[in-house]
Amino acid sequence: MIIWVYETFKYIQAQEIQKREAALKASFQLVSFLTSKKEVHMLTPYDWIYGISIITTVFLSVIAGTIALTMFEKASQRRYLSAWKPLIVALVLFVVEELFGALKVFGVWSTPWLTHVIPSFILVFLIAALLRQINITRGVEE
Amino acid sequence: MSLALSLAEAAPWYNLGLVIVAIVLFTKLFNTPVRDRRVYLMPWKILFFALLVFIIEEVMTVLRSMNIINIPVHINGFFELIIICTFIYTLLLQKEHLKLSQL
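In the order they appear, the protein sequences are chains A and B.
Numbering follows our numbering, with no gaps: position 4 of the first sequence is 37.
Numbering follows our numbering, with no gaps: position 76 of the second sequence is 92.
The set of hints was computed from the structure by calculation and includes no laboratory data.
Be aware that a few hints might be false.
Derived CB-CB ranges, DEER-like [stated by the list, open to error]:
(1) Glu106/A / Leu109/B: 17 to 25 Å
(2) Thr77/B / Lys58/A: 48 to 56 Å
(3) Phe92/A / Thr77/B: 20 to 28 Å
Every residue, glycine too, gets a C-beta built ideally from N, C-alpha and C.
Okay, chain A solo, but in the shape it has when bound:
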């Protein structure tokens, strides 16, 4: 009986020690985290303005993309608006580029397609739209 009481007491004591050690370790980690010298990169006013302008551009791009997509149906129905179809595709690609550009500026994700390849597709669609619009203006498409 005495041995059993002694063993139980020892067991409880060991658990108490373990708990104290864990608490001590956690508090030590907290203290070291709070007192450690972190490298903080201070943003300049230029960075703030650049970031705000990028976020604004992304927001407006989404609005432009939405308006463009709502116009797509009307452009498909009317022949004299058919030049707007490739133009709307170009606009949507521009929106995609702006989104990717924002991700690149904020250091989230970057792709080599972004810098020049997407603008090439935008220009190709713009040229297609211009050719069609010239034909419509001349009355060839009727």
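Got chain A; can you put chain B on it based on the hints?
Frame of chain A; chain B shown alone:
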């Protein structure tokens, strides 16, 4: 080198060619006599302005990378803002014209 990287290497040159073609086509469009009175060219003129802003931005980027000018990169954000505002105005103008022509 991946396909995207190789395209990105050659892209500035053929982009330059495409921009020149686009400018030529815009001038041709504005000089073409309008036969169909439903055609509304004002949005295309505004779009041309956006293209010119885009060209200025690209030229500045190239000159900056060659260390010829020292204008900070932050100004690009404003160029993009101008371009996107112009696009929105273009789309709204065309929508307005569509609405008016339906009346």
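Consistency of the hints with the structure:
For Glu106/A and Leu109/B, the hinted distance range of 17 to 25 Å is satisfied, since their beta carbons lie about 18 Å from each other. Range check, Thr77/B to Lys58/A: about 52 Å between beta-carbon atoms, so the 48 to 56 Å window is met. In this structure the hint that Phe92/A and Thr77/B lie 20 to 28 Å apart at CB holds, the actual value being about 23 Å.
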